[in-house]
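These are the residues of each chain, in order.
Protein chains: 2
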Amino acid sequence: MMIIQPNEIELESMRIIHEAIGEYNGPSENLPVIMRVIHASADFDFLHTLTFSHNVVSLARNALRNHTPIITDTNMLMSGITKRYGVKIICSMSDEDVKTEAQSRNITRAIVNIEHAVNKYPNAIYAIGNSPTALIRLCELIREGKANPSLVIGVPVGFVNVIEAKEMLSELKDIPRIIATGNKGGSTIACAIVNALLYGLE
Amino acid sequence: MMIIQPNEIELESMRIIHEAIGEYNGPSENLPVIMRVIHASADFDFLHTLTFSHNVVSLARNALRNHTPIITDTNMLMSGITKRYGVKIICSMSDEDVKTEAQSRNITRAIVNIEHAVNKYPNAIYAIGNSPTALIRLCELIREGKANPSLVIGVPVGFVNVIEAKEMLSELKDIPRIIATGNKGGSTIACAIVNALLYGLE
Numbered sequence: 000m001m002i003i004q005p006n007e008i009e010l011e012s013m014r015i016i017h018e019a020i021g022e023y024n025g026p027s028e029n030l031p032v033i034m035r036v037i038h039a040s041a042d043f044d045f046l047h048t049l050t051f052s053h054n055v056v057s058l059a060r061n062a063l064r065n066h067t068p069i070i071t072d073t074n075m076l077m078s079g080i081t082k083r084y085g086v087k088i089i090c091s092m093s094d095e096d097v098k099t100e101a102q103s104r105n106i107t108r109a110i111v112n113i114e115h116a117v118n119k120y121p122n123a124i125y126a127i128g129n130s131p132t133a134l135i136r137l138c139e140l141i142r143e144g145k146a147n148p149s150l151v152i153g154v155p156v157g158f159v160n161v162i163e164a165k166e167m168l169s170e171l172k173d174i175p176r177i178i179a180t181g182n183k184g185g186s187t188i189a190c191a192i193v194n195a196l197l198y199g200l201e
Numbered sequence: 000m001m002i003i004q005p006n007e008i009e010l011e012s013m014r015i016i017h018e019a020i021g022e023y024n025g026p027s028e029n030l031p032v033i034m035r036v037i038h039a040s041a042d043f044d045f046l047h048t049l050t051f052s053h054n055v056v057s058l059a060r061n062a063l064r065n066h067t068p069i070i071t072d073t074n075m076l077m078s079g080i081t082k083r084y085g086v087k088i089i090c091s092m093s094d095e096d097v098k099t100e101a102q103s104r105n106i107t108r109a110i111v112n113i114e115h116a117v118n119k120y121p122n123a124i125y126a127i128g129n130s131p132t133a134l135i136r137l138c139e140l141i142r143e144g145k146a147n148p149s150l151v152i153g154v155p156v157g158f159v160n161v162i163e164a165k166e167m168l169s170e171l172k173d174i175p176r177i178i179a180t181g182n183k184g185g186s187t188i189a190c191a192i193v194n195a196l197l198y199g200l201e
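Chains as they are written, first to last, in this note's numbering: chain X, 0 to 201; chain F, 0 to 201.
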């Protein structure tokens with residue numbers, strides 16, 4: 000049987016995911032985030048790999064209510080985040096000065112993007128779905144006292160630097176953080192987390 | 000050990016993925032597509048779920064060389080595709096007339112987006128990473144002779160209509176197609192497939 004009403008598709012999807020998860024013993028505020036990530040990936044691994052610092056969902060929503068901007072590591076992630084709540088979403092990956100600086104220093108544009116963002120928005124929400132080097136640089140800047148994000152979403156994907164980057168973030172105990180441990184992650188995962196936080200503002 | 004040069008990160012990632020895949024017995028033109036999908040997801044399930052129609056990679060690259068536009072089902076996917084090759088990438092999901100029509104007909108915007116695209120570009124490359132209803136509508140329009148895509152990438156994700164949509168596409172034997180069977184897929188997967196096809200133009 001085909002369901003074609005948009006609202007019904009969403010409800011039925013979430014019902015299926017909820018049933019598949021079964022009993023959930025973690026903090027209830029985390030569950031909608033986990034469900035939306037599974038909704039975006041059809042991958043139940045995230046039920047076990049997503050880790051949340053204490054009260055992070057409430058803290059993040061307070062920051063969003065106070066108009067804290069969201070910095071992303073890719074234009075793709077920026078593009079996927081719902082615009083419904085008027086939150087400022089920023090990514091300078093395509094800026095010419097970021098490209099030029101990255102080439103001249105022979106580092107990733109993702110690192111330069113983060114450095115520029117930290118200069119302007121040290122307390123922003125940082126969502127990293129793609130680039131482990133961006134996350135590593137952000138963690139260094141936090142350690143040096145140059146950044147103090149309201150939230151770090153650390154879900155880069157891949158096989159090089161990814162585990163190391165997530166471990167670095169997990170050691171920053173004072174920073175509100177959501178991490179997908181292991182190699183998995185990606186822009187759609189980061190996007191699902193941000194959107195779940197935003198939908199919860201309603 | 001941390002690798003920070005962008006080119007080295009990419010090479011080392013691909014080396015790890017290639018080693019993990021081991022012996023690959025499928026058509027060699029498909030392997031770079033599979034590898035880039037695993038690179039984007041860290042999910043080796045796709046080694047087994049990605050299915051390719053005969054010669055689809057060569058056919059798709061010929062279409063791209065002939066300036067065939069790419070239609071996407073989300074802005075997020077459009078945003079992630081490399082702009083390096085000057086290929087036209089089109090998504091009208093945010094257009095006001097698409098929103099209005101979807102609301103008045105009580106169907107997904109994704110369906111209306113596809114209908115509008117088929118009217119203008121019946122032979123385009125269609126990349127569907129998110130919406131099964133978009134893929135179903137596209138398959139109906141192909142059956143009715145109204146669309147004859149150069150390629151359909153059918154990798155919507157989720158639990159409602161997704162398997163059915165992919166089965167519909169797999170039955171259209173005359174259409175060049177790349178499908179991720181099962182529930183998994185997503186915008187990052189569709190994006191990785193399109194980018195792998197584009198990188199191969201070099």
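Simulated from the structure, these hints should not be mistaken for lab results.
There may be inaccurate statements among the hints.
Chain F stretches covered by chain X per the calculated footprint, using a threshold of three residues with CB under 8 Å from any CB of chain X [stated by the list, open to error]:
1. 5-16
2. 32-46
3. 141-152
4. 175-184
Which residues of chain F face chain X? A few of them, derived with a C-beta cut under 7 Å, are [claimed, not checked]:
5. 107
6. 197
7. 199
None of the values given here were measured: they were computed from a predicted structure.
Even for Gly, the Cβ is constructed at its ideal location relative to N, Cα and C.
Hints and how they fare:
1. Counting residues of the segment 5-16 of chain F whose C-beta lies closer than 8 Å to any C-beta of chain X gives 6; at least three are required, and the coverage claim holds.
2. Coverage of the segment 32-46 of chain F by chain X holds. Counting CB-CB distances below 8 Å, 5 residues qualify, and the rule asks for three or more.
3. Check result for the segment 141-152 of chain F against chain X: violated, 0 residues qualifying (beta carbon to beta carbon below 8 Å, three or more required).
4. With 4 residues bearing a CB less than 8 Å from a CB of chain X, the segment 175-184 of chain F meets the requirement of three and the coverage assertion stands.
5. A cut of 7 Å between beta carbons decides the hint on residue 107 of chain F: the least distance to chain X is about 5 Å, and the hint holds.
6. Given the 7 Å rule on beta carbons, the hint for residue 197 of chain F is violated: about 15 Å separates it from the nearest Cβ of chain X.
7. Interface restraint check: residue 199 of chain F against chain X, minimum CB-CB distance 21 Å, threshold 7 Å, status violated.
Hint compliance for this structure: hints 3, 6 and 7 are broken, all remaining hints hold.
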